[in-house]
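Peer 1: Chains as they are written, first to last, in this note's numbering: chain A, 1 to 477; chain B, 1 to 477; chain C, 1 to 477; chain D, 1 to 477.
The hints are simulated quantities; they were obtained by calculation from the structure and are not laboratory data. Be aware that one or more of the hints could be misleading.
Because identical chains share one entry, a pair is satisfied inside a single copy or across any pair of copies.
What the hints assert, rightly or not - Derived lysine to aspartate or glutamate pairs resembling EDC-like cross-links, with alpha carbons at most 20 Å apart:
1) 394 with 272
2) 394 with 11
3) 378 with 99
4) 394 with 13
5) 378 with 414
6) 326 with 124
7) 394 with 410
8) 401 with 414
Listed here are the chains, written in short residue letters.
There are 4 protein chains.
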Amino acid sequence: MSEKSWGGRFEQDLDAQAAAFSASVDVDKRLAPQDIRGSIAHARMLGARGVLSAQDVERIVSGLTAIASEIESGQFVWDPAAEDVHMNVEATLTKRIGEAGARLHTGRSRNDQVATDMRLWTREACYASCARIDALLSVLCVRAQQHLSVLMPGYTHMQRAQPVRLSHHLLAWCEMLERDRGRLQDAARRMNLSPLGSGALAATTFPLDRAQSAKELGFDGVTHNSLDAVGDRDFLVETVAALANCAVHLSRIAEELVLWSSQEFGFVQMSDAFTTGSSMMPQKKNPDMAELVRGKTGRVVGDLVSLLVMLKGLPLAYNRDMQEDKPPVFDAFDTVDASLTVLAGSIASARFDAARMRRALGEGFVDATELADYLAAKGVPFRSAHHVAGRLVKTAFDAGKTLAQLSLQELRAEHAAFEADVYLALDPEVAVERRALPGGPARSMVSAEISALRDRLQARGVDSQAIATRFGVITEP
Amino acid sequence: MSEKSWGGRFEQDLDAQAAAFSASVDVDKRLAPQDIRGSIAHARMLGARGVLSAQDVERIVSGLTAIASEIESGQFVWDPAAEDVHMNVEATLTKRIGEAGARLHTGRSRNDQVATDMRLWTREACYASCARIDALLSVLCVRAQQHLSVLMPGYTHMQRAQPVRLSHHLLAWCEMLERDRGRLQDAARRMNLSPLGSGALAATTFPLDRAQSAKELGFDGVTHNSLDAVGDRDFLVETVAALANCAVHLSRIAEELVLWSSQEFGFVQMSDAFTTGSSMMPQKKNPDMAELVRGKTGRVVGDLVSLLVMLKGLPLAYNRDMQEDKPPVFDAFDTVDASLTVLAGSIASARFDAARMRRALGEGFVDATELADYLAAKGVPFRSAHHVAGRLVKTAFDAGKTLAQLSLQELRAEHAAFEADVYLALDPEVAVERRALPGGPARSMVSAEISALRDRLQARGVDSQAIATRFGVITEP
Amino acid sequence: MSEKSWGGRFEQDLDAQAAAFSASVDVDKRLAPQDIRGSIAHARMLGARGVLSAQDVERIVSGLTAIASEIESGQFVWDPAAEDVHMNVEATLTKRIGEAGARLHTGRSRNDQVATDMRLWTREACYASCARIDALLSVLCVRAQQHLSVLMPGYTHMQRAQPVRLSHHLLAWCEMLERDRGRLQDAARRMNLSPLGSGALAATTFPLDRAQSAKELGFDGVTHNSLDAVGDRDFLVETVAALANCAVHLSRIAEELVLWSSQEFGFVQMSDAFTTGSSMMPQKKNPDMAELVRGKTGRVVGDLVSLLVMLKGLPLAYNRDMQEDKPPVFDAFDTVDASLTVLAGSIASARFDAARMRRALGEGFVDATELADYLAAKGVPFRSAHHVAGRLVKTAFDAGKTLAQLSLQELRAEHAAFEADVYLALDPEVAVERRALPGGPARSMVSAEISALRDRLQARGVDSQAIATRFGVITEP
Amino acid sequence: MSEKSWGGRFEQDLDAQAAAFSASVDVDKRLAPQDIRGSIAHARMLGARGVLSAQDVERIVSGLTAIASEIESGQFVWDPAAEDVHMNVEATLTKRIGEAGARLHTGRSRNDQVATDMRLWTREACYASCARIDALLSVLCVRAQQHLSVLMPGYTHMQRAQPVRLSHHLLAWCEMLERDRGRLQDAARRMNLSPLGSGALAATTFPLDRAQSAKELGFDGVTHNSLDAVGDRDFLVETVAALANCAVHLSRIAEELVLWSSQEFGFVQMSDAFTTGSSMMPQKKNPDMAELVRGKTGRVVGDLVSLLVMLKGLPLAYNRDMQEDKPPVFDAFDTVDASLTVLAGSIASARFDAARMRRALGEGFVDATELADYLAAKGVPFRSAHHVAGRLVKTAFDAGKTLAQLSLQELRAEHAAFEADVYLALDPEVAVERRALPGGPARSMVSAEISALRDRLQARGVDSQAIATRFGVITEP
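Required output: the full structure, derived from the provided sequences and hints.
Peer 2: Written out as structure tokens, the structure is:
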């Protein structure tokens, strides 16, 4: 007959295939540290409320502490037949300390237990991912500082558009990552309420002190409805959505690294340490890390969909479907965390080719806007100025010239307002410096943003230079 | 030759199918109010900086104001050939006020313009959805107050589990909705920075005062990187993810309404005003509104995926792919907003069958936990108490009895700790009242949560009773 | 210095984190049997074309055969540093047989190699899943035969609608599964072309005989474009889409098992061997297997999205992103396969409660359509007949009667066409038997469909009775 | 009181917001032609079976025929209050022809009616999309023929890899599209069974001849289970999955057009008729059509997810959730159809820059594989040959030379097997021609594939040259 925790009214053991199908310990054993901390807090609270004797509490706490160490060191033997992490821990505890172990589950259900574990785990994972984002930000901050003088074409529609600084481009990535960080922080804050004491769905008749266990576990308070506390996983959807947003950002950074690594662009050379070759083609040096980061975006979006589909249409409160919350959450964190780290290393060690970028500025008429702005500043309505510039681009293109190579006469043939100072406006260095609005590419603006980023990191306790060094940031271009 | 805003260097008109494929005015005209407010703020700021004359500003502002009224009243004639909302408005303006209209676009690009429009629109849509959530919360708050005394079985795994209050269940829905509201607020706050002044991708050479236009438009500040400001749509992903979370919540509420409306449950009777019949089966009264709410969840999840797929792997900054951000965002808001409203009406007018719910409590051994808790409270280790209760359930089931119908002798046959007071513990009313933890179903706890909800709504300026009345809340059961 | 297969032009080893990030052997070692069969076929073909000596071929084939056995028996030692399954196998081979091993990769690239492996693996996985579908069909076929006489209410909108046979309902599930099977077969057929010989992207200069290796590997022919053959994974999208369709079907079957297991419906009692209990509530017997099947649907839909996102916007031909094709494909098959099997066991051992189903037919006016059809058959236009029946439902409902309890007088009060034979029409047994169209619930029709299903299974070599027995089908209700 | 088709037992009208929420006529009126054909077939069959008089049938058929013309010409007035397309048509018919109209719904339900409509519509949409695929294939076929002599670098990992023909690359796109076509054909075939006669869920008591109406509607037969026929939409999932696969293919083609249009690649110049400019930057010529095609992929993947989420966990048979099947299906077809057409026009009018492609072959060591193959052909084990070639790439790179610029002495310094004929092998023209395997880039192979494609199109009745001409295919490069 069954040794399961719930075996009382059952006459037959679980079918072997069903047991394998429903066992979760391979996945949820990752929750063991949180599970044990939760159990310790629960036991202490039961002791404080007189539900457990001081002696029982002491036995439970020391028993669980020992188990935690064994798990951490890899000595603990997991029993797949014991269903899940909770039962593995509790059964081992009871085997060792006897009746006191069997009292631990008083006033608790696996439903509020696992909800507590998941909130603790996810909260901590959010903070850990924020630290990895900070590391990538640190690398980008240092590299932006290094390349403050490098100009490159900015693109829209993958067409050369206007000149910017490489640093400005790297800072755009930083803005994206800062918001990702903000979303993870918000998610961590919103989930930070203790479900312990919600029982299976309707709280419990035991006189628990929910605030005590919440406080011991670092929660900001307790949840306000027992049915909701055990029956919802929206905090996981929110978290994985934040990770999906981040993964999409990483895919965009990766796309640019792949593009810039191509022979056609040639803007960057990834280090040998972050590229691989081909088994057939001896010349290949492929930006595999960036490609993998880009490709793995699919996983995280898939994880998000997985959670949403699982939850759709479920009645309250707990349903076993929810066991399927763990694989996508673990996978999304693992994927994004590894991607952040490998990108930090890739970018720290990449060599940017300033000359190639500068050369690209000379082609593609990225100075055409300057012509239009020049006229508009002289009072020509912008729409007309834009048309004049468009025609001059065509003239130059047909003549195989750049705009700066057109004579003043040729310019004046399209509009009389052109004067000799127009050639100054066409210089990319000047063009960039004239874009001196907040958020613009002028040196002063970019420099201020780099400082602000460094200060923000500092305020979070992050020494950007030290971290960049740890990632092997190179000091040459 | 082309009359497009960008026609200068083009020799050939856009292909008719390509024009139809790329035209967006049918969709983006919805942004017109925001677009015009943005243009007015931009013009005023250009005036303040001396880029436009006071007279030009005045002409632009009054011209745009007139267009806005025409659009609102439906008199404005949209021209699909004019590509999008921006060009429709600007072309009409210029036709009417001449050169001043052609100066409006100075120091601006459609790239920062549409980014501004979308942030304004979405910020306001978030607040509007929050108001709709508040309306549904108001209805639930009033109905929870009405049914404070009604007991029902709480379920896990769709099996009767333990007794709760109907109000407790309705409040669980409220908790879900409150978090959805919080996420929309967070999204609105995070996106509330002005991209105006970012130009096409690299700011502009004109001496804009970004802070001024930001302030006039109600933004909390300005964006910090021009490439990022025109090239990212993560704020839409965040918003639609919040809506998807909400839609999944609504699907769960809808699922319960469908279940409860079934002949098998019979817990609720939806009003004729929110049900429909069958073209073939005369007896049918179908909970179509709830089914549609549940089914429409797919749209919102689809909208979220749509955005994520669109953005995946895009290089910076603006790419035309991003035109596809609008349909999913509009659809997600429309769907969730309508679902919230139709649920508010459905729930306001539904009749709950307290007797049927109470009857359900008498079957299914929902009092078995009381037996186990009873023993545990007498010092029997919980795991043993649970086994005893399980065996007694089996005994009762085999004998066709409820647990309360077992004699004290029968109870004692399983464990000697049972005494006569056990029968009191089995009374559902008692069982619920003993669950008097925060977040639990006891009357005092539920009552406190109802008050807290009412107060929160009040603090947001929402009179829950008045709103429930507007939704036709019924006062009988 | 690097020992990688592609190390020639590299000066620096791969970064450790990058190596961990990009290593795939933990996942792709599952392709080992296919990889080795592919290599053997390639080697033999190279021998036949004179590119390899007979001796080299012999050494390669026996070396690979030995490795295959070691892998199967679990003795093979995988080296994560060797990147992937291909290099693990080849490196081991070369270590053992020397230069002949280093010749194996002649005229081949990992790009066409892995494309071949994935096609072989997926083709076989499709067939294996079809066999599992056949097993579930077998169980359903036997149970449908057993319960041919059991009537139950059919539902629409989760409202009782019209009477059907339980067998008819079980056969509806079979129809769904048959189409899933058809889609997997189509996918397997469409992918069954050999990419071997496509090289890295542009075929090879060696005089391969692509048809020979294709034939040896059971392919129907060879692919027609080398860039496409190494650069597309649409066959995986197609396959996983078929699995997602199937998973959604299984979620619907599971939903019905969960509903029917509730105390409210009570139509089925799942066996102890396929249910679990609660750690807190002793009375619970939860349909966890069905819930898990339903919940795991999210995984498969997530897997599908994962693949689509990964492929979106990738230029030809091979990109490293494609390494991410394996996890979702393996996961989707594992999930659906296990779900099929656990459902087969669950349904084989479930007890259907014919009395409870029959009782449900007596409530809910499921005979109202009979009234309308009765009148329509007497020449009353259907729309009028439907209205009359609707009003009679209301009359009966208000009087607390069933339709059959209304007197002839009461019926005639609504329409004069009613005569005494109307009561016969209201008998569910009669009502069902009168629905004797193909695909309808009449006994003859259902019986014919059961036979047809049994015959189809037979034609595929499946003995449905034997398989149902193996799944422990019960012979009582 | 309600005038709805199902009003009999209802006392209250539908709430206005609920009516708006549930009305579908704006969307489903697109089914009108199919709905009317279905009704005509149903009426004729009822006539043949004696259920309707010949006169009634005649009135119905001519009434419906008239309505169909009015709908086609846009004269028909839709009434949103009449819920859906079915009721709009039937109510109008009955208003015009009286009682006969009210008899049309005999033996039918909206459930089997809409299932029939959707199958008819989708089947036809599949064929129409196949025709659009054929048009794009025609353009590609003609362009491939035109550019048979043009060489370009083939890429993997977006790195130049080996030389191929432009035609070979265009044919890779054709392979992808051919499979998409095959999937749509399979979907159309599998869904081609008539659900008519399945009634609401349990067939009907009227003596219908299901085969007759099926035949008249072009179905291959009838469905085999009434519950399944009205309660499943897997055929839509299959179809939209095929469209999603196609959309992803189009996103890949679009990505390459965007890349090739960049100044960095410069492989193609899109026609003015398929590009647009910038409102700020006069020089821009943006590949917007390709970008939009790429961006719209998100919609189609979103549509697929939408359907899967909607269906997940629905019990049989019909549920109102299924009303939500139409928007994603219509949107997916519209999106893919328009994308196919705009791509056909874009590619027909694009100018390929053969010189630029050829120049790209001279850089990036795309001939390194030739060196390795040269050695392998001389008996050097491939792995060693690959290493030698890798080292020579490094030597050349460090010396700023191409491989062909290395002296024989330099080559021999790495391996003694090199002889003077090695330089011939390095010529791209020779390298491509030596890849003369089926599916390879040699002229003979590519030419054969072009012919085979042209023949396949011909066999489907498609004159590829005529269609390409209609799309304005240019005849110069």
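Peer 1: Look at each hint and say if it fits the structure.
Peer 2: Here's how the hints hold up against the structure:
1. 394 with 272: For residue 394 and residue 272, the Cα distance is within 20 Å only across copies (13 Å; inside one copy 43 Å).
2. 394 with 11: between (86 Å within a copy, 10 Å between copies)
3. 378 with 99: Between copies only: 14 Å across chains, 90 Å inside a chain, cut-off 20 Å.
4. 394 with 13: between (82 Å within a copy, 16 Å between copies)
5. 378 with 414: within (15 Å within a copy, 66 Å between copies)
6. 326 with 124: Cα proximity of residue 326 and residue 124: one copy only (15 Å, versus 29 Å across).
7. 394 with 410: within (12 Å within a copy, 48 Å between copies)
8. 401 with 414: within (16 Å within a copy, 46 Å between copies)
Hint check: no violations occur; every hint is consistent with the structure.
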